[in-house]
Every structure is written in structure tokens, then in C-alpha cells.
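Student: Given next are the chains, with one letter for each unit.
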Amino acid sequence: MTFVTRKHIPRRTFLRGMGVTLALPLFDSMVPAQTPLAKTAATPTSRFCGIYVPHGAIMKNWTPDKVGTGFEFKPILKPLEPLRDHLLVISGLEAKTAGPAPGESGGDHSRSAAAFLSGARAKHTSGVDVHLNTTIDQMIARKIGQDTLLPSIELGIEDVGYTGICGYGYSCAYVDTISWETPTKPLPMEVNPQVVFERLFGDGANAQQRLARREEDRSILDSITHDAARFRKTIGPGDRQRLDDYLDDVREIERRVQIAVKVSADAPATDVPVGVPQSFDEHCKLMFDLQALAYKADITRISTFMYARDNSNHTYPASGVNVSFHGASHHGNKPAAIETFAKINTYHMQLFAYFLEKLRATPDGDGTLLDHSMVLLGSSMSNANEHDHAPLPVLIAGGASGRLKGGRHLKFEGNPPLSNLLLGVLDKAGIEQDSFGDSTAKFEI
Amino acid sequence: MYKLLFVCLATASISYPQTRLAGAEPEQGPLSARAFLNQYCVGCHNERAKTAGLMLDKMDVGQVAAHADVWEKVVRKLRAGMMPPAGVKRPDRAAIVSLASNLEADLDRAARAKPNPGAPALHRMNRTEYANAIRDLLSLDIDATELLPADDSSAGFDNNADSLGVSPALMERYLAAASKISRLAIGDATVQPSEKIYAVPNDLTQNYHVEGLPFGTRGGILIKHNFPVDGEYILAVELSRGGGGVFAGAGNTKGEQLEVSLNAERLKLFDLQGGPAPEEDTALPGLQVRTAVKAGEQGVGVTFIAKNYVQVEDTLQPYQRSMFPGAVWSVLPHVGSVTIKGPYKVTGVGETASRRRIFTCHPANAEAELPCAKQIVSMLAHRAYRRPVTDQDLETLLGFYQSGRNKGTFDDGVEMALRRILASPEFMFRFEREPATVKPGEPYRVGDVELASRLSFFLWSSIPDNELMKQASAGKLKDPAVLEREVRRMLADPRSEALVDNFAGQWLYLRNLQSISPALEEFPDFDDNLRQAFRTETEMFFNSIVREDRNVLDLLTADYTFVNERLARHYGIPNIYGNRFRRVTLGADNPRRGLLGQGSILMATSLATRTSPVLRGKWILENILGVPPPEPPPNVPTLKENVKPTDRSTETVQAPSVRQRMEEHRANPVCASCHKMMDPIGFSLENFDGVGQWRTQDGRAPVDASGQLVDGTKIDGPAQLRAALSVYSEQFLRTVTEKILTYAIGRGVEYYDMPAVRAIVRDASKDNNRFSALILGVVKSQPFQMRVKKPGEAQPGATLAAR
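Heads up: the protein sequence lines correspond to chains X and Y, in order. Going letter by letter, the first sequence gives residues 1 to 445 in the numbering used here. Going letter by letter, the second sequence gives residues 446 to 1248 in the numbering used here.
Simulated from the structure, these hints should not be mistaken for lab results. Wrong hints could be hidden among the right ones.
Result set (PhoX-like, lysine-lysine): computed pairs, CA atoms no more than 20 Å apart in a straight line [what the hints assert, rightly or not]:
1) Y/534 x Y/1159
2) Y/884 x X/233
3) X/233 x Y/1235
4) X/296 x X/143
5) X/78 x X/411
6) Y/1234 x X/233
7) X/405 x X/66
8) Y/699 x Y/713
All chains should be modelled from the sequences, with the hints used to inform the complete structure.
Tutor: And the structure:
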């Protein structure tokens, strides 16, 4: 079973053939393959979302006792109970690549975010020679994200802006993002909802102004491509190579702007978010709203989101706890401290429920966005007090366009690698391969 | 004379007791290079042992050019006193230096015969440079962090062309930035309200006066905010919740008053009631002012009227830091953040500095519009593209002007043209034109116009000004006298503070300070005030070397530094009051002399809970001796105590001293090979704790600050470390020069650059190692003035295709 993706002719290719550059009508073949489903008869679009929560969870308050269907919800997952039928609880996995290499110790927080969607162990470096693995969100984006305005969006809460090293000689690149476009190219997480909104819908007071500006962008890009040919001849071969790379990028943006012009025309009448909300609660919900909006308008089908960076000392007053996130995770096995941390875990799941409810409430073709999505949430740590990496808290929500069945608790014995599940997720997204990261088998989910 | 000689010898014999005893007299005559290598080096570095992959037994020391990369490494290790290693038979320093000098002379000769100036990759403006360029082009201060993603860095700097790549996502951001900035510069009456939050660090102590705010106030924040248009804005204040989310700083103190001001004019005074604070995650209601503000940069001040600097009478002795998560003593209210929202009710685009800069003419009638547009657009493109403007440029830009004009006003037309300029690759990238006649492998001088950009991005992190462009366009930068005059003019210009912010800021890790949070439990006095003071001290110190054109060696030995009250208290310097920084003289035995006594570097080379002799030793090896130790090999476990750094609570007072923990490094031979060089240097700074405070006790044990330099010199404490390092001033100068050159040319320094580095240092020594002499040396050096057409990259695809 694979996703149905209609091929479209890249606008650029088409124009080269025509020898003209502007004001072409939109032919059907240039319209993104997935216009809102209501208008087509094709198979529903699937969306993928990867959500990372650092610092693990209190597993005894997370893992249901019963395996299979009809399991009971423990306190942390309780907020998700109304979504039971859309939820898959997966227990017993291990993020082996978040742990130290044999003979090593320490650095767990520096590798965990990197390991989550890559199944790979971060190369130990603080330099530019970072190396990981292409993450599954980006593999899926290559498969189903190439026709939308943005192949994927990457969102976070905590601004980075650190330079150099993020502990134990690991580059901050491993800590700042969970999404890697290639093994050497981490994608930055955007924290400002206003910036995200503008990327999705354009910059302007209203749809009309946003549309006008996108048209202007398009003519600027055309003009740049045109001019570049002129001075290309005057520069050295090294520079020329870079210029060509740049021009490829310009063409890619041109293609996206072309789509965007269309999208801007019927962008939602949502209020433009203003700046970064100071309250985490508000900020997090806004980021979830934006993802739902982006899916709904089919501006992107892939998103990743980080609740926090590892070692985050954010506090969550709305959870009723005033201890910092990382501080609370080192509960020292003291019962009261364990309860405190569990409250933070529960709070994070309340927000996740908010997102899933939002998806469920948004109609999409013959169902809802939740029916047509696959949302993977998890951590690369289990008991953060010990920095261990098994058994992990992992959930998958959504129907993946009929390919996933919820209401189940899958439990794996012997702590197999998380990569086995990632391989199964890829499978559901129509990417069939035999191995991924440190996988030892493919899990059918 | 005799007496003086004796003193020198005596000093030397303290530093090098064994070598003096071992071989002073018998080896009077200089050894031949080969004999030296055979006697001291090939015991390890031979074909069989291959120690460090180096085989000196078979290499022809008469033909250094054949393996210049290897010999440069040899020279470096010799100069840094690293080889032969301490503990084995070593020749005296003079013999080592003599061998190094001979090798260098050969290497330099070979380089002269076949120069290789290298070629930096195509340089994209980084975020800082972009913001500066906008400032200089449009008189507009932007917050580039909101518009563009952070840049990667390599070779220690974020202006390294290799790591300044491009991607569709990045280009999209530059395109969006061009649109936003052009609107902001011209003024956009349709601008939507937006919101900017200025957060005050939650470990900022606000019990004292903040510089720039009125006297008689305490704490708060002074903001320079760019208001996009004339209109109404809301200035909203939230009080601090303290470190742990508790609403601590709302103040259990009655009668406090909060002042909100605009350009030092009071807008409103709020009376705070004190009392228990709400626990909800909401702002205190009502702490906001709605007011009309003119477009452009304005100062917003939020502060408290100073009622009394004395703390509320509690039984506990408060720390220097005023706010703690869950503090049990009373605190005065603190400002947590200020949010500026708006504009609402736009009344006009206003008369801003950027409009004055852009609109050099105002068309009186329709006829005058196009000529005026042409004048404006030529001026902007000339500076933005940093080259003479061509007719084709104008044609393109005026086309955009016209399309904007057709849809709106004259201003809209100029805005469109400006947007096109800012989106142009010729603004974002520093293309260097290549003469058509150059063959691959051939070095050539970059043109004057390109050199102007190299100069301005080096000294100002920004675009050239008109004066520099004038000299470049006239082809006068080839004249060394003109070039020197321009460099001195640029150094004297305030824009050269970019060297402090960007060069020193990265070289000395000052930029990292903001992200370092010493553990509260270990360093309860540490607050943001101290963090900022550390940074300011080192910035002012470095700036004094630049402004006063001092000997660069003063960086290690200067008899002065800069402190304010907070820092002076931390350092134990008496009689310094107030928040203003001032120069203080340090006595001969004052441990604060030079960079190695400054809190910034001492903290940046510590862990959150304790000192790290490893990081400190590494810093000195890398930044003073120029021999960075390699990264730890994979699969080497870190020290046990590091596994759970936050589990401090379980540590008891019997915790081993840092020195004892480091012993573990020696137990493992793999670790020991590097740590035996790093750790003992770091030990000598053990009197400075993890936040650079002087101490004589580490836990229960007295501090043991004895260690040794890589050459085996025994050292005890910072003063002896400084003295021992003074032997290596030549090496320090080279290291600084390498760093400056790396930063100047935007690429890593390679072995083939070392002859240039040595020449720069040699020439500067004739001018007392002055800062300007090093800068001029760099500017006049081959790597800065020239580039080589890389062989083999001419047509990478062509040869393949031909087959």
C-alpha cells in the first residue's frame, strides 16, 4: 500500500520549454497534487507529525497494565482517554542510539533529540562535521511533501542561539532540532508563531495584501534568475558553483511561491498571531493550531515539534508545578518528587490532547484531519532520573488514512530498538525499506 | 652588565633546571637539524613506532617544501614547548628555537618561491553582517535574530565562508527579510500590529541603579525599540516571577513605585500594593501604558523609584543575587518583561532616520519623479552592491520602481526597488570577480573594489562606506600608503567595535556567557549582573588594546582592568561604587592581571558545578600556545561524576577534590596522553572557582594550585603561570595572528598560510607588537590581498563528460 501522489510538472521545467517567464495560467498539471480533498476524488492525503518530549516520563503512571484493546488509562495518559479510538500506545522500546556508545558514558541529553526520529547515534563532534541520519519526517516529506508550498515545517518552543557546544563535546545541532534533511543538514526549529504564520500564509494585513506581496516576490525571483546569468561569467568557478546552488534554491522558492499565490488567495481568516506568547501554555497551543491550519490548507503535510530542548529548565505554572522541567526529571526516586514530575508529564499530555481534538474537529475530505494523519509522540528517555533509554513512552495517534487502527496497546518484550517502530511508521507512509537506523526488524503497527 | 646576565641566567635556571644541568656546556655549538632530529625526535617518530603518525627518520630535512604541512606541525610543537615532551631528554630552549627558526626560514623561502594565497569560498553575509549592512545602508537598526536563522560557525567563527551555506528555507527568509526591511525603512502605514517581548533575565538582581536609567531609580530595563510608524503603542510591564515560576518579585513590599518612561520622559508612575501575589500564570493587571509614539528608534525605560536600598529586615543574610526560586526572604519587586505592542491608530509614516537617508531628493512634480528615483536607486545600489552601478542594474531597478509606482505612490516605487536590491545575490553574497586571463593554480590580486569589501567586512563586519568606495573605485587601494591610511581611519571609526563584538566575542567565548548558568546551589551569589559584568570587563579590556593601540602581549599581562561595583566586590577590589565601569590599576602580584584573571574566561572554562582544569588547560593550549589538543577519541568514557551532573544533592561533603577526580585521567593511558598536558596547566588556576572568584579552600581541602606547563616548567598559581607563559610570547602573537587572519579571510588558516603569519608577527615586532601593526600586517598579507584560481575545479563536469 502506498500513498497516491499525483505527479505534477514543475513550473520551471515547463517554462524552460516555453521560453517565457511570466503570467502563465495555472494548468492542471501544475496545481499541487493535493488540492483540498473536497475538490478531488483521490485518496485522502496523509499527514505526518513527529513530536518530541525530552526527559522521558514516570512510566508506572504511563504504561497501561493491559495489552491489546480495552486497556485502562494511567494518570499521565488520562487526558487522552476521550481519543482512545485514535490512539496506539506502544511500550517496551529502547532508544539505543540515544545512549552512549559501548565503553562510553554520559552525554545522554546531548544525543536524545537527535536519536528520536533518526535511529542513529550522533557523531561525537562539536564542529561543523555533524553527522546523523536523515530523519523519518524528511523521508516522508520527500515522498508526500514535494508538491505543497512547504515540504515540511519544524516548530519549537525554546529559542536556541547558543553557540558551539551543547554538553559533552556534542554540537548544539543535535540538541536544537529533531529534524535532519540529510545526515549532515539539521533543520532549525522555528519558535515564533508570527514567523510561522507568515511562512504559511504570507506577510500582510489581509489575504489580498498577502497575495499581492507574493506576486511581487515572484517577479523579484524571476528578475534575480534573469540577472544572475549575466554576472555568472565574471566570477571564479568556485563561486560559480555556489551561485548555481543558490539559483536552484531560487527556482525552488519560485515554484513554492507559485503555489503560495494560490494558497494565499483562500487563506483562513484567522488572526495573525502576534509575537511569541510568554506563557508556554498559550505558545504551545498556538503552535499546535498552526500545524492544524497548515494541514487543513494543505500548505504542508509534514511537521515536527519539540516541547522543549533537553536539559530545559522551563517551568510550567499551568501544570500546577513550579519546579523546572529538567530539575523535576531528576526526582531521585523520592515519591513526592516522582509525583511532581508526573504532573508535568500529565500536563504535556493535556496539550497533546488539545492538538488531537483540534485535528479531530477539522473536517478533511471524507473524514477529519485526525483520520488522515499519523502523529508520533515520544521521548528518547524513559526514566530521566537515570538517563536510561528503555522502556520508552511512545504514542501514535491518528488513522493514517485508514491504515492505522487505534484503541490498542502494543507491548514489546526485550526492549527492541525504537528504529523498528520508525521502520513501521515509514511503511505506513508508503516508504518500504528493510532497515532504518539501528533497526533489527520491522514492526507492523 | 655581568650582573644583568646573571639575573637572566638565574631566571632561566628556575624555569629549566634539568635542561641547564643536563646539557648546557657540552652542546655549545648548534646541532645540525638532522642531528637534532636523530638525537631528540626519531626515538618515537620513526617508521616503526609511527608515534602520532609522524616519521621523521626518513624525511629529508633539506627539502621541507616537499612536506610543508608536516614540517609546519613540527615547528608548531617545537615553538609551543610541547616537543620533545616533558620527562624525556630535552635540549635547551635555545636549541629548540634555533631548529624551529631554521625550519621556518626554509619554509618561508619555499613559500616565497611558490606563493599560495588560498581561496575562500563564496561568502554569504552572516546574520550580524547583514544587520550591520542594513544599519549602514539605511540608518535602520533591525533585530536580525527575528528575521534570519542563526549561522553555523567553523574554525571558531561564524563568518567562515565554508559554513555559510544556502538552502531554499534560508533564501526564503532572506526574501521575506528584504520585504519587511524595505517597508520598515520607507514606512508602511498599513503595517499590522505586532508584539515584541523584552524579557529581563530572571537572575538579574534589580536592587541597584541600572546605567542609562535616571538616578534615584533601581533595577528595570532600558530598551531601544524601533517603532515602525507614528501611532499608538501599548507598553506593558510584567513583574518577575523569580527563577522558579513563583510570583516572587511582585513584591511583598508595600509602597514601591514603578515608572514607565519614553525617551527619559515619565509616562506613568504605578503604585504597587505589595502583598501576596497571585499564583496564576497571568500578568498583574493594569501595568500598561497606551501612548502615541513617533516612528524610529526610541528609548523605553521601565524602572522602580529607589525607596531604600536596604533589604527588608529579615533574619537571613541575603546573597548578592536577589531572587531565587522559592526564596524564603522578602524581595523587592523586579521587572520580568516589557512587551511593546502596536501600532494602533497609525497617524503617519513619520520622519525617520532611514527616510532621511533614503530620500535624498523629493520630487516636486510628476516630471521630477523618475530622475529622483534614479538618484536614490543609484545611491542605494552602489552601496549595497559595493561596486559601481551599471546601466543594466539601473534598468532592472527602475523597472521595479515603476511597477511599485504604478500601483501606488512614489514612495511605494522606491520601496519596490529597495526590496529588489536587498533580495539581490549581489547584496547577500560577496562575489569576487576573476580576471579572465588567470590560469588554474595561478595566484592573483583581488580587485580594489573587492578588496574594499574584504576590508570593511573584516574591520566593521559591514559594507564599505563612501570614502572607502571612492578610494577603491579610483583604484587607489593598491597604493600601500592609501591602504594604510584607510585601515587606520577605519580602526578609529566606532564601527570597528565590531572587532570586539564579533572577533573577541567569539575568540574569547564571550558570546557563550549568556548561555552559561552556574549551579545555584554551588554559586548562590552569581547573578546576571555579574555575568554581564564579566562580558563588559573583557570587552572593554580588549577594546582598550584596540583603541590605545597597545602591545598585544598586554592581553596577558596588562596592569589594569575595568570593573564596576558588582565586579569589584566579586574580585575583592575595594572602594568601587556604582554601576559604571572604570579602569583600575592592578599591582604586580595581582592575580587579576591579563585575560587569565578575568571572570569571563574563568567561567567559560568551568562546568556548572565546579572548575574544569581540563577546559582551562585546553583554552591555554589552544589560544595562547596555539596547539589545540585533539577532541577526545570516541569510546572514551567521561569521568564518573559527570554521568549525572544534576544529582549533586546526593554528593556529600566528602566529595573528592577536583584534582583527585582528574587523577582518573592518568589511570587510562589513552586519556593520559592528552590530559597530562591539559590538566596540569589548568591546576595552576584552581584558586579561581567556577565563577572566577578567588578561593583558598576547595571543599574542605586547601587549594593546591601546583601544576606544570607542557615543557615541564613547574608552576604554582596564576602569577607563575603568567610568568611561565611569557617565554612563549612569540607563540602567543602567532596564535592571535592566526585567529585574526582566520576571521579576516573567512576561512580556516592552513599550513600554507603560516609563512604569512610569521611575516606579520615579524613585522609587527618592529612596531612593538601594536594591535594596528598586526591588523595592517593581516591586511597587507597575501591571503588577504590575493586569491588563487583553484586548479582542477575549472570544469568539474567537463572531464567526466569528455570520457
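Student: For which of the previously enumerated hints does the structure constitute a violation, in increasing order of number?
Tutor: none
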